[in-house]
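Engineer: Since the structure of chain A is already known, use the hints to place chain B on it.
Heads up: the protein sequence lines correspond to chains A and B, in order.
Quick note: the first sequence uses the numbering used here, first residue 1, plus one each step.
Quick note: the second sequence uses the numbering used here, first residue 1, plus one each step.
Check the hints yourself; a few may be wrong.
Said to hold, decoys possible - Here are the simulated DSS-like cross-link-like pairs (lysine-lysine), alpha carbons at most 25 Å apart as the crow flies:
#1 Lys173/B x Lys81/B
#2 Lys409/B x Lys71/A
#3 Lys71/A x Lys3/A
#4 Lys19/A x Lys409/B
As the list claims (entries may be wrong) - So the derived label-pair ranges between C-beta atoms look like this:
#5 Glu211/A x Glu313/B: 34 to 42 Å
#6 Gln285/B x Asn73/A: 52 to 60 Å
#7 Met113/A x Ala30/B: 22 to 30 Å
#8 Glu313/B x Asn133/A: 19 to 27 Å
Quick caveat, the hints were computed from the structure, so don't treat them as lab data.
Note that beta-carbon positions come from the ideal geometry of N, C-alpha and C, so glycine has one too.
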Amino acid sequence: MPKTILQLQNVSKIYGNLKALADINLSVNAGDWLSIMGPSGSGKTTMINIIGCMDTPSTGSVILDGTDISKENAANLTRIRRDKIGLIFQQFHLISYLTAVENVMVAQYYHSMPDEEEALEALAKVGLADRANHLPAQLSGGEQQRVCIARALINSPQILLGDEPTGNLDEENEGIVVDIFRRLHEEGVTIIVVTHDPEVGDVAQRKIILEHGRIVDDIDQSATFGEALRLKGKGRV
Amino acid sequence: MANNTEKRNRHGSRRKMYIRMVAGSLIRRASRLIIAVLAIAIGATILSGLVTIYYDIPEQLGREFRSYGANLIVLPRGESKITRETLQKLRGLIGDEKIVGMAPYRYQTVKINEQPYIIAGTDLTEAEKNSPFWYVEGSWGNSADVSQVMTGHEIAQTLGLKLGDTFMVQGVKYGHHAEASRQDLSAEENQKRDSARQNFHRNFTVKGIVSTGGAEEGFIFADIDMLDELIGDTFRADVIECSIVADAEELSALSERIENEIPELMPRAVRRLTQSQDIVLGKLQALVLLVTVVVLIITMISVYTTMTAMIAERRREIALKKALGAENRLVMGELLGEGVMLGFIGGALGVFLGFEFALRVSLNVFGRGINFQPVLIPATIAIFIIITVTASIIPVRRVMDIHPAIVLKGE
Chain A
1 MPKTILQLQN VSKIYGNLKA LADINLSVNA GDWLSIMGPS GSGKTTMINI
51 IGCMDTPSTG SVILDGTDIS KENAANLTRI RRDKIGLIFQ QFHLISYLTA
101 VENVMVAQYY HSMPDEEEAL EALAKVGLAD RANHLPAQLS GGEQQRVCIA
151 RALINSPQIL LGDEPTGNLD EENEGIVVDI FRRLHEEGVT IIVVTHDPEV
201 GDVAQRKIIL EHGRIVDDID QSATFGEALR LKGKGRV
Chain B
1 MANNTEKRNR HGSRRKMYIR MVAGSLIRRA SRLIIAVLAI AIGATILSGL
51 VTIYYDIPEQ LGREFRSYGA NLIVLPRGES KITRETLQKL RGLIGDEKIV
101 GMAPYRYQTV KINEQPYIIA GTDLTEAEKN SPFWYVEGSW GNSADVSQVM
151 TGHEIAQTLG LKLGDTFMVQ GVKYGHHAEA SRQDLSAEEN QKRDSARQNF
201 HRNFTVKGIV STGGAEEGFI FADIDMLDEL IGDTFRADVI ECSIVADAEE
251 LSALSERIEN EIPELMPRAV RRLTQSQDIV LGKLQALVLL VTVVVLIITM
301 ISVYTTMTAM IAERRREIAL KKALGAENRL VMGELLGEGV MLGFIGGALG
351 VFLGFEFALR VSLNVFGRGI NFQPVLIPAT IAIFIIITVT ASIIPVRRVM
401 DIHPAIVLKG E
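Bound-form chain A, shown alone (with noise of 0.2 Å):
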């Protein structure tokens, strides 16, 4: 019986007379890929936020790995958020001055202590060791994003979050980043992307759909999984 990793249970979010999440009720197990897709304004993004730690519910309450998180103040949030999430941004968000390596060992700095080695075996993991001394601005789109995976994952986290990881990538790079989920997810890694894109939406192997701060569809793709990852990632890494 595979473990609860987080429950959402009747999750709210309201800004004023915006109800962005309206009595969310989800429940992922380790190891799940899932992927969450919906129009612009269905709340998508207030959805990753709260799960990333980044937000609270305005009700409901936040399981993740067994602790309640909704009423946790900022401080705890960012040491849960610190030693238990990997975050992936749509924009990349490498820190500018900083080498490919330098970049994996902020987010080791922040969290323990930062081994370049490490670091370095985790660029090698998305195929960028020979570009580890590169600064953000030396690096292709998908080869930033890439370094992005490395620092989400250089702590070992119990969920990867991606927000939008493959907007700003070309299909290649696309393809590039979606093999490397499947690896991780091979792993053991429980993935969770929020995307646009129905073919990474398709990928996952369960995927939701918001609208309205509503989840209206929770699709099981087990059946289709397989298939979809070699059409789309072609084992490129």
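Structural biologist: Same frame as chain A, now just chain B:
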């Protein structure tokens, strides 16, 4: 034991990364930080320059004031005169480094064309150092050619002397008394009679005519050793005029020391000069202090503005660090670390540029070099680190208001 080693390694590794991040930001963002470094360096330049001048002003101005004449007159106590040994003792007590000029004077009454005049025997080289404000037509006399003397403007007018003219000086040798010429004897016979009574006479050439607007115009200035020889006596000075680099307080202390250590001397400070010097000095130092404070405030405002702009520009980076799990204090520590480095670089640059600035000011205003104060290196760097960090605190505290979710989404 193993735990301690692990802890140390852990701290060492974190410290290395901290330095790597701060250095990376400074080196690879150098073009963006140049304005901040410039602002700090300019402030540090002016500060260290002004402080250098501030410490050197008493010395510089003291020497400048010495152009207005002696500031210490030393007289013999009682009826005695000042011997060469006492003069040497006085010089040793004051110290050569403080003495601009030290001229002993011996006043001797002589006759020129049977009219009485006073010849002032002195060390002309030292007298020139003491009295650069004297207007001398021709040139100053010196000990190399003792037959050439300077006459006061008043004497030159009375005797109708011009530069290069020769005149005869007559008088009675030291310890003898003058007697009037006898009417019944011829001039030649009277001269023979005078010689027999130890009188002296000597011809001098006018090398310079002194105009001061004061009593000096009524004297003839000659070499003191020549005068001693002429009158047949050893060195005995009536007064010593000293030009010393010192303010009123130092001069007063020096006078006390002279009185205590050389009781045969009676020092008198020329208050008019020393007080003026102190007033001007006080005002100049107050001005320098005021400018320094203004510069510090301007530097602080400048650093504050630059840091505010820098934090605004780096909102995404700060938000990212927070998203990666950095606590506010860690991010603030990194930014303040950059502030410390900026203060260090700007301060270090400022120390050396400041000395160059002070040197140029000193050369242009006082016509002299300036002493470098080594203590200014750590002091300026420390002050500018404190200024930079203080000015950065408010902008850096804004880190706490940055919400990663909002900033990273670009909303």
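Engineer: Determine for every hint whether it applies to the structure shown.
Structural biologist: Outcome of the hint check:
Between Lys173/B and Lys81/B, the direct Cα distance comes to roughly 17 Å. Compliance with the 25 Å bound is thereby established for this hinted pair. For the hint linking Lys409/B to Lys71/A, the alpha-carbon distance of about 23 Å falls within 25 Å, and the restraint holds. Under the criterion of a C-alpha separation no larger than 25 Å, the hint pairing Lys71/A with Lys3/A is consistent with the structure, at around 23 Å. In summary, the hint linking Lys19/A to Lys409/B is supported, as the alpha carbons are separated by about 19 Å, within the 25 Å threshold.
Remark: the range hint 34 to 42 Å for Glu211/A to Glu313/B is upheld by a beta-carbon distance near 38 Å. For Gln285/B paired with Asn73/A, a C-beta distance near 55 Å keeps the hint of 52 to 60 Å intact. Under the hint 22 to 30 Å, the C-beta atoms of Met113/A and Ala30/B, about 29 Å apart, fit the expected range. For the pair Glu313/B and Asn133/A, the beta carbons lie near 25 Å from each other, so the given range of 19 to 27 Å is met.
Against the hints set out earlier in the document, no violation occurs for any number.
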